[in-house]
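Based on the hints, put chain B in the right spot on chain A.
Single-letter residue listing:
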Amino acid sequence: MNYDLNEEQVMIQENFQNFCAKEIEPRAQDLDKASKEDAGIMMKENIKKLASIGYLGMLHDEAYGGSNNDLVSHVLASEEVAKACASSFLSAGASAGLFGMPMKLFGTEEQKQKYLPGIIKGDLIGCFGLTEPEAGSDAAAVKTTAVKKGDKWVLNGSKTFITNATICDVAIIFAYNDKDAGPGGGVTCFIVDRDTPGFVVGKPFDKMGFRGSPTAEIFLEDCEVPESNVLGEVGKGFIQAMQTLEYGRIGMATVSLGIASACLSYANAYSKERKTFGKFINRYQEISFKLADMFIMTDAARLLILQAAWAKESGQADSAILASCAKLFTSEHAVKCANMAVQVFGGYGYISEYPVERLYRDAKLGDIGEGTSEIQRVLIAKDVLNNAAS
Amino acid sequence: MEFGLTEEQIMFRDTVYRFAKNEIVDLCEEADLKSEFSFELWKKLGEMGLLGLPFPEELGGSGADVTTCCVAAEALGHAGIDQGHLLALGAHTYLGTDTIYKNGTDEQRKKYIPKLATGEWICCMGLTEPGSGSDAASMSTTAVKKGDKYILNGSKTFITNAPICNVCVVFATVDKKLGNAGISAFIVEKDFPGFSTGEPFHKMGVKASTTSEVFLDNCEVPEENLLGEIGHGFAYTHETLSWDRSALLAPFVGGLKFMLEEAAGYALEREQFGKPIAKFQAIQHKLADIKVTMEAAKMLVYRVAHDKDTEKPLNHMHLSTAKAFVGDWGLQAASEAIQVFGGYGYIHDYPVERMLRDAKLAQIGGGTSEIQRFIISRILGFM
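Chains as they are written, first to last, in the numbering used here: chain A, 1 to 390; chain B, 391 to 773.
The following block holds chain A by itself, in its conformation from the complex (with noise of 0.2 Å):
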């Protein structure tokens, strides 16, 4: 066992850490306030800063421009980020991971080519269209439609809750191209570009929280796409989203993080600085305590997701259970301590002028985007039950 970081990694944590706070951090309450227009045109410049400091290019191969780093660099960088602004990580998430990371694994040599670089230069930006109104955790239920005619594929259906659909220019879209293929099969991935005919998107939705990154449904009506563009081999399209959303649900355990790291970081300082009854309020075990459980918290989870993405990194047997493991623990927790900072904060708390009522609103995507906590559960649950059996 080891738990130092090495040189390498504490240098990203420290310079993200730096980037992050002078960059980021001081736009994410306007981000969060903007009219959906503006917030677009800010999220496409906060991911244009990111990519400055080769954050969507971590995981990417050096052939493409990106830096081939560890999967706990990643997260060590994206937790900064996340802290900064949870929104900001979504869509760059979205696109250097959700998007990226299919076609890295993926990808043909001229598809990588052709997007890659524009991907990690944040010239690009990328989604992943595979919930539908009907098809949430049940991915396996999705709806829409491919059908081969010609040297084409025709695709028909529509996609929602898709994190930059409104910024994107190229999207993943999942489609069956065989209803009879049974569980699991006929499902194909495909690249769509945004100027295809027949690719529409929607009217951003008006959301709870993450108001800063654009989400929005896509159409499909009669898209024909070249069959160059079809990822992976079709038909194995199921088994590439769980492979890609495995990294997903250690991304969304890490914006959780960072909700809650911020959490902890503004309910500390204020406590310093707030007086009642003549003492500052960390003065009072009611306030300090909630703080010391938000460290605990945080502290625990954290390990949780270092843990979950040294076992993806080094091939381990339960990495997905690990990965699920995290995400409940740290999405769960994030809302408490969300809730513990507003309360910190008192009547603050409760203003949007003060960061930890976006936080607030931010944490519990967690609990829901990238697999429930309940399908979380069902999928640990499984584990436990099939260890005990055999």
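These aren't lab readings, by the way, just hints derived from the structure by calculation.
In this text the structure is predicted, and so the values were computed from the model without any measurement.
Among the clues, some could well be false.
[Said to hold, decoys possible] Under 7 Å between C-beta atoms, here's a sample of chain B residues computed to sit facing chain A: (1) Glu392; (2) Phe393; (3) Ala654; (4) Gly655; (5) Gln674; (6) Ala678; (7) Val682; (8) Glu685; (9) Tyr692; (10) Ala714; (11) Phe715; (12) Arg763.
Glycine included, C-beta positions come from ideal geometry on N, C-alpha and C.
Frame of chain A, contents of chain B only:
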């Protein structure tokens, strides 16, 4: 970062687990029921070398690092060994004996460690007093030099292993006015004049471990039994903290694994409304939560071990987080495990019943959860 065990550690873990399952776990239920320490179990632990793991081979130990000590402790808990005996082991090896080993002279080491490392003698550590728990500096047991002896007066309470001990490391102040700087440590043998122990307490859990008061009534301690230096005792107690938050918490991590497996096994067997209760999501939910708690507890406890193995200065955030998490989240998990068993979980015949009682101790012993939060929040105050 690397969170796997070495092959050697995995082999050792499996050996300890099998030994515990085959040789000693059957002794636990009765010991817990009768609130009796099992000397038979203790002897077997000693024969397996599990009572002297961290000490050098020439003193009867096996020179294990802290992580390996935790691996053994976790494996014992995982096998279902009651936390009472594991607490006895922890107090003996990591609190008492190691304090002698770390701070003792060569002579003291040669005299005490070999007997303690094999378990022939049993050690305890006398720090807590009726009026001095978390606030150790307020202790009132005194030590006065008189000729070539120290005369100790006072009393200690909640001392694990006291009723069965051969040796007690007693902390006493040479000058109350000095606060922490007056605290000194003494190796006191049970038949030194003036040393006595009270009746064992009746406890809620960890029942097989014996706990009592220690009385020092003009207790005569030869000067060669001063441990380390006068006034350094508080620092020695501090050093035990990293054991307390690693090798003494690792059994609870193992206990969580045990509870999880027991509860999952029961959920697969027990049928209601025509199907195993494992099919109900409310039950699955509890199993998932216990699993997550176990994973987090494990990561926190082994971090303390890694800090100690790599000789880092005490990190109080790491220590207190591990302790508070294992105490608070661990108790919650134990309660969930009972709930999976329903009525049977409330009956002593099922080992999860005692696991809940045992788990409660982790919130209190060695520094309450509140003190951990106090420490964490005090450090946050400087951050």
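Does the interface hint hold: is Gln674/B within less than 7 Å of chain A, judged Cβ to Cβ?
3 Å, holds
Any CB of chain A closer than 7 Å to the CB of Val682/B?
At 5 Å from the nearest chain A Cβ, Val682/B passes the 7 Å test, so the hint holds.
When the least beta-carbon distance from Ala678/B to chain A is tested against 7 Å, hint result:
4 Å, holds
Hold the hint about Gly655/B up to the distance rule: shortest CB distance to chain A must be less than 7 Å.
At about 5 Å, which falls below the 7 Å cut-off, the nearest Cβ of chain A leaves the hint on Gly655/B intact, so it holds.
Tell me if the interface restraint on Glu392/B is satisfied: Cβ within less than 7 Å of some Cβ in chain A.
Given a least distance of 4 Å, the restraint on Glu392/B holds.
Would the stated hint for Phe715/B survive a check requiring a Cβ distance to chain A of less than 7 Å?
6 Å, holds
Against chain A, run the beta carbon of Ala654/B and see if the smallest gap drops under 7 Å.
4 Å, holds
Holds or violated: is the Cβ of Glu685/B closer than 7 Å to a Cβ in chain A?
Given a least distance of 5 Å, the restraint on Glu685/B holds.
Go through the hint on Tyr692/B and say holds or violated, using the shortest Cβ distance to chain A against 7 Å.
6 Å, holds
Restraint check, 7 Å cut-off on beta carbons, for Arg763/B near chain A:
4 Å, holds
Please check whether Phe393/B passes as an interface residue: C-beta within 7 Å of a C-beta belonging to chain A.
This interface hint holds because 5 Å falls under the 7 Å limit.
With 7 Å as the cut and Cβ atoms as the points, is Ala714/B at the interface with chain A?
5 Å, holds
Violated hints for the displayed structure: none, as all numbered hints are satisfied.
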